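2 protein chains.
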Amino acid sequence: MVAVHGARHFACSYLPEFESGPLVPCKLGFAKFSIGNNAVNNLGLCRGGDARLRSSRIIKAMEESAAFLTKDCVSISGKDHQIMSCNGKSSNIVWHKSSVDKFDRQELLQQKGCVIWITGLSGSGKSTLACALSRGLHSRGKLTYILDGDNVRHGLNRDLSFKAEDRAENIRRIGEVAKLFADSGVICIASLISPYRKDRDGCRALLPDGDFIEVFMDVPLQVCEARDPKGLYKLARAGKIKGFTGVDDPYEPPLNCEIVLKQMGDDCPSPCDMAETVISYLEEKGYLQA
Amino acid sequence: MVAVHGARHFACSYLPEFESGPLVPCKLGFAKFSIGNNAVNNLGLCRGGDARLRSSRIIKAMEESAAFLTKDCVSISGKDHQIMSCNGKSSNIVWHKSSVDKFDRQELLQQKGCVIWITGLSGSGKSTLACALSRGLHSRGKLTYILDGDNVRHGLNRDLSFKAEDRAENIRRIGEVAKLFADSGVICIASLISPYRKDRDGCRALLPDGDFIEVFMDVPLQVCEARDPKGLYKLARAGKIKGFTGVDDPYEPPLNCEIVLKQMGDDCPSPCDMAETVISYLEEKGYLQA
Numbered sequence: 001m002v003a004v005h006g007a008r009h010f011a012c013s014y015l016p017e018f019e020s021g022p023l024v025p026c027k028l029g030f031a032k033f034s035i036g037n038n039a040v041n042n043l044g045l046c047r048g049g050d051a052r053l054r055s056s057r058i059i060k061a062m063e064e065s066a067a068f069l070t071k072d073c074v075s076i077s078g079k080d081h082q083i084m085s086c087n088g089k090s091s092n093i094v095w096h097k098s099s100v101d102k103f104d105r106q107e108l109l110q111q112k113g114c115v116i117w118i119t120g121l122s123g124s125g126k127s128t129l130a131c132a133l134s135r136g137l138h139s140r141g142k143l144t145y146i147l148d149g150d151n152v153r154h155g156l157n158r159d160l161s162f163k164a165e166d167r168a169e170n171i172r173r174i175g176e177v178a179k180l181f182a183d184s185g186v187i188c189i190a191s192l193i194s195p196y197r198k199d200r201d202g203c204r205a206l207l208p209d210g211d212f213i214e215v216f217m218d219v220p221l222q223v224c225e226a227r228d229p230k231g232l233y234k235l236a237r238a239g240k241i242k243g244f245t246g247v248d249d250p251y252e253p254p255l256n257c258e259i260v261l262k263q264m265g266d267d268c269p270s271p272c273d274m275a276e277t278v279i280s281y282l283e284e285k286g287y288l289q290a
Numbered sequence: 291m292v293a294v295h296g297a298r299h300f301a302c303s304y305l306p307e308f309e310s311g312p313l314v315p316c317k318l319g320f321a322k323f324s325i326g327n328n329a330v331n332n333l334g335l336c337r338g339g340d341a342r343l344r345s346s347r348i349i350k351a352m353e354e355s356a357a358f359l360t361k362d363c364v365s366i367s368g369k370d371h372q373i374m375s376c377n378g379k380s381s382n383i384v385w386h387k388s389s390v391d392k393f394d395r396q397e398l399l400q401q402k403g404c405v406i407w408i409t410g411l412s413g414s415g416k417s418t419l420a421c422a423l424s425r426g427l428h429s430r431g432k433l434t435y436i437l438d439g440d441n442v443r444h445g446l447n448r449d450l451s452f453k454a455e456d457r458a459e460n461i462r463r464i465g466e467v468a469k470l471f472a473d474s475g476v477i478c479i480a481s482l483i484s485p486y487r488k489d490r491d492g493c494r495a496l497l498p499d500g501d502f503i504e505v506f507m508d509v510p511l512q513v514c515e516a517r518d519p520k521g522l523y524k525l526a527r528a529g530k531i532k533g534f535t536g537v538d539d540p541y542e543p544p545l546n547c548e549i550v551l552k553q554m555g556d557d558c559p560s561p562c563d564m565a566e567t568v569i570s571y572l573e574e575k576g577y578l579q580a
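Heads up: the protein sequence lines correspond to chains A and B, in order. Be aware that the first sequence starts at 1, since it is given in the working numbering, and climbs by one per residue. Be aware that the second sequence starts at 291, since it is given in the working numbering, and climbs by one per residue.
Note that these hints are calculated values from the structure, not bench results. There's no promise every hint is true.
What the hints assert, rightly or not - The calculated lysine to aspartate or glutamate pairs, modelled on DMTMM-like cross-linking and capped at a C-alpha distance of 20 Å, are: (1) A:K163 / B:D449; (2) A:K163 / A:D218; (3) B:K520 / B:D501; (4) B:K453 / A:D248; (5) A:K242 / A:E258; (6) B:K524 / B:D449; (7) B:K488 / B:E574; (8) B:K530 / B:E459; (9) B:K488 / B:D501; (10) A:K198 / B:D449; (11) B:K488 / A:D159; (12) B:K532 / B:D440.
The structure presented is a predicted model; accordingly, all values stated were derived computationally and were not measured.
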């Protein structure tokens with residue numbers, strides 16, 4: 001199983017054009033595919049050599065473009081710009097490439113789309129950082145959007161409860177939406193407790209390498225509980241909320257996140273200072289330019 | 291049941307500040323609430339008069355800000371900037387206001403966030419229009435993002451099948467995501483068959499008045515079937531796809547959509563011409579400026 005990549009000018013063009021034009025490897029949105037021999041034969045970029053060689057060329061180009069692997073499948077038609085694919089639950093889906101792509105949008109915005117995923121206990125300051133970050137970036141002329149676990153529960157995820165499987169689905173959907181925002185060129189700030197490593201890593205896997213920036217609010221439970229800005233720890237200790245992270249449900253700290261923001265004792269940086277740490281990271285990694 | 295509105299500078303500020311500052315009515319994201327008397331009493335903007343009078347002031351301000359009604363409930367604390375709310379399935383949710391709001395993002399982008407919802411039969415040219423539209427708007431320096439029914443099924447909606455309830459859920463989720471994009475300031479182009487009026491109207495109801503622009507691709511079934519760009523009509527006629535819109539499932543044309551794009555006989559406008567019709571509409575309604 002391998003992923004397919006496309007050339008940039010492939011977007012909304014036809015394969016005959018693709019055959020003759022220069023090949024600039026990039027990812028085809030976030031579509032995930034495997035490729036059969038027929039598809040390989042139909043793809044202009046793989047003419048010459050036997051099918052096995054052609055496949056290996058595609059795989060190499062894909063590896064170079066850091067594309068993804070999944071259990072989805074696809075067949076690529078050489079007749080037009082459409083890619084037929086199927087996945088577990090739906091079939092007859094056509095992946096439409098847009099004429100304006102992520103690169104174009106990033107050029108317009110003079111920034112690179114990415115996801116800043118802020119994780120930590122309730123009361124650790126996730127939302128405060130998200131706000132400070134959006135202010136700091138906006139003042140630099142950058143477009144951000146905050147996806148907040150609670151906010152999204154009022155709309156997209158209003159059908160989900162707080163039971164284990166629904167919490168996982170809540171995070172999965174927010175990860176998918178964050179991916180769309182990053183693809184749109186926006187710097188998407190997701191602010192969620194997201195206590196399980198597995199769920200966070202699942203969201204990370206949706207994004208191209210580097211575009212998922214995990215920020216861990218490393219604040220001791222006692223500090224969060226002493227703050228208790230929403231009064232939720234009190235309710236959890238009184239047994240009025242079940243399965244509350246840190247009280248009767250575990251929080252799994254990240255093992256390899258991009259940024260750790262420690263707050264302990266007297267050494268408590270201001271929200272603005274913390275935001276600047278994240279902004280410096282973005283600047284250094286080139287996300288604040290196209 | 292009424293919806294709550296906030297003042298623009300309310301975002302990320304505290305109520306004591308709120309009490310003294312000027313009141314600029316605007317919507318608080320898309321939170322949907324009812325307000326109890328305690329909340330009304332706690333809100334600085336409603337001091338003076340009895341509870342009934344204070345409520346009516348809030349309701350009036352809300353009406354002026356064209357806010358929404360639902361069955362959600364909320365209690366507003368006067369102590370800080372948080373709004374506790376509950377809905378059918380989840381509780382202990384806090385609605386976080388962002389420090390950078392929709393108006394700020396629109397100012398940055400020099401456009402107004404909205405949803406262009408393209409509906410029509412398979413083969414009616416929805417995706418083609420979406421592409422032409424994104425090209426046309428991008429060339430004017432406007433930020434767009436296409437949500438395509440098929441694309442989203444590869445990610446956010448990969449757990450959904452094509453059975454009736456899943457199709458409705460597919461459209462609901464895309465409507466919710468489109469709402470988030472519009473809130474982010476992006477001109478979101480949703481391209482879906484969305485055959486049922488009820489589902490489309492559900493998405494319309496999520497957006498502020500005017501921000502949901504329904505575009506009907508009015509192309510006769512015979513024309514779509516003759517084009518059959520994906521070969522799906524052929525499969526449906528052969529009984530290999532069940533419940534295919536136009537073949538063995540109904541399409542309910544919009545009754546009061548904003549734009550109808552007719553294609554019949556020799557009078558078939560080009561994708562660019564159709565895109566220009568939509569762009570003129572956006573221009574006229576002020577969506578192409580902040």
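Okay, the hints, checked on the actual structure:
1. Restraint check for K163 of chain A and D449 of chain B: satisfied, since their Cα atoms lie roughly 18 Å apart, inside the 20 Å limit.
2. For a cut-off of 20 Å, the pair hint linking K163 of chain A to D218 of chain A is broken: about 25 Å separates their Cα positions.
3. With a C-alpha separation of about 31 Å, the suggested pairing of K520 of chain B with D501 of chain B is violated against the 20 Å cut-off.
4. Simply put, K453 of chain B and D248 of chain A have alpha-carbon atoms about 39 Å apart, too far for the 20 Å limit, and the pair is violated.
5. Restraint check for K242 of chain A and E258 of chain A: not satisfied, since their Cα atoms lie roughly 31 Å apart, outside the 20 Å limit.
6. Under the criterion of a C-alpha separation no larger than 20 Å, the hint pairing K524 of chain B with D449 of chain B is inconsistent with the structure, at around 26 Å.
7. Distance check on the hinted pair: K488 of chain B and E574 of chain B sit about 28 Å apart at the alpha-carbon level, beyond 20 Å; violated.
8. For a cut-off of 20 Å, the pair hint linking K530 of chain B to E459 of chain B is broken: about 23 Å separates their Cα positions.
9. In summary, the hint linking K488 of chain B to D501 of chain B is supported, as the alpha carbons are separated by about 18 Å, within the 20 Å threshold.
10. With a C-alpha separation of about 18 Å, the suggested pairing of K198 of chain A with D449 of chain B holds against the 20 Å cut-off.
11. Taken as a hint, the K488 of chain B and D159 of chain A pair is honoured in the structure, with Cα atoms around 18 Å apart against an allowance of 20 Å.
12. Restraint check for K532 of chain B and D440 of chain B: the C-alpha separation of about 17 Å stays at or below 20 Å, so the hint holds.
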